[in-house]
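Following the hints, put chain B in place on chain A, whose structure we already have.
Each chain is listed here by its residues.
There are 2 protein chains.
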Amino acid sequence: MTAQTAGRITDHVAAEDIALQDVLDALVDPVRRSIVRQLADSDRGIPCGAFDISVTRSTSTHHFKVLRRAGIIRQRYEGTVKLNTLRRADLDRAFPGLLDTIIDAARREAEG
Amino acid sequence: MTAQTAGRITDHVAAEDIALQDVLDALVDPVRRSIVRQLADSDRGIPCGAFDISVTRSTSTHHFKVLRRAGIIRQRYEGTVKLNTLRRADLDRAFPGLLDTIIDAARREAEG
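Quick note, the sequences are listed as chains A and B, same order. When you line the first sequence up against numbering that gives the first Met the number 0, it's residues 0 to 111, in that order. When you line the second sequence up against numbering that gives the first Met the number 0, it's residues 0 to 111, in that order.
Just chain A, same shape as in the assembly (with noise of 0.2 Å):
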């Protein structure tokens, strides 16, 4: 289902395989932390050119790898475009409550 659903992209973890360590590991980039932030704020998949970060393109590359290899975020191609959504019902059976928690602190904190 994995393969199927994620198109040309073949290295999405499956959802059973998500660990919490590679979940902190991910999340404790405020860059990403801001991605996923612009994602939850969204009700559709996002660009990789469209989020408000300031990195170069390479950069944004490896910051989408490293959410998409956590199982944090699932990307696929429309055409050329590379679309971004977040995994919410993975990481919720997951870790119940996890993501919720930390974009809100990231919004608290975002807020002052």
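Take these hints with a grain of salt, some might be off.
As the list claims (entries may be wrong) - Stretch-level coverage of chain A by chain B, calculated; a stretch enters the list once three of its residues show a Cβ under 8 Å from a Cβ in chain B:
| no. | segment |
| --- | --- |
| 1 | 7-20 |
| 2 | 87-96 |
| 3 | 102-111 |
Just so you know, these hints were derived from the structure itself, not from any lab. Glycine is no exception: its CB is placed at the ideal position from the N, C-alpha and C atoms.
Then chain B, alone, in the frame of chain A:
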């Protein structure tokens, strides 16, 4: 108040200065998550030497310092024994639910 309750240990962060980045930097480490889990399972302070962690004493001292400076634990002396407790109320006020969901996630992962 901080200085008073902390006794001889003077670098506890004030409740209002607890920062998400510091909390996540602290909890991204599995040994520190284990310390926090053990504190969450106890209803009283635990001496530094009484934790079930497989690290040297100097490494352990470092871990406690990171947790203390992040605002996750409070340390106080009782005689010559340094007792550790979780700063649950302060953390819950700063980032509601964050500590509990990470402890819960760590338990789930530890129990496989």
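Against the structure, the hints come out as follows:
| no. | hint | verdict |
| --- | --- | --- |
| 1 | 7-20 | holds (count 3) |
| 2 | 87-96 | holds (count 4) |
| 3 | 102-111 | holds (count 5) |
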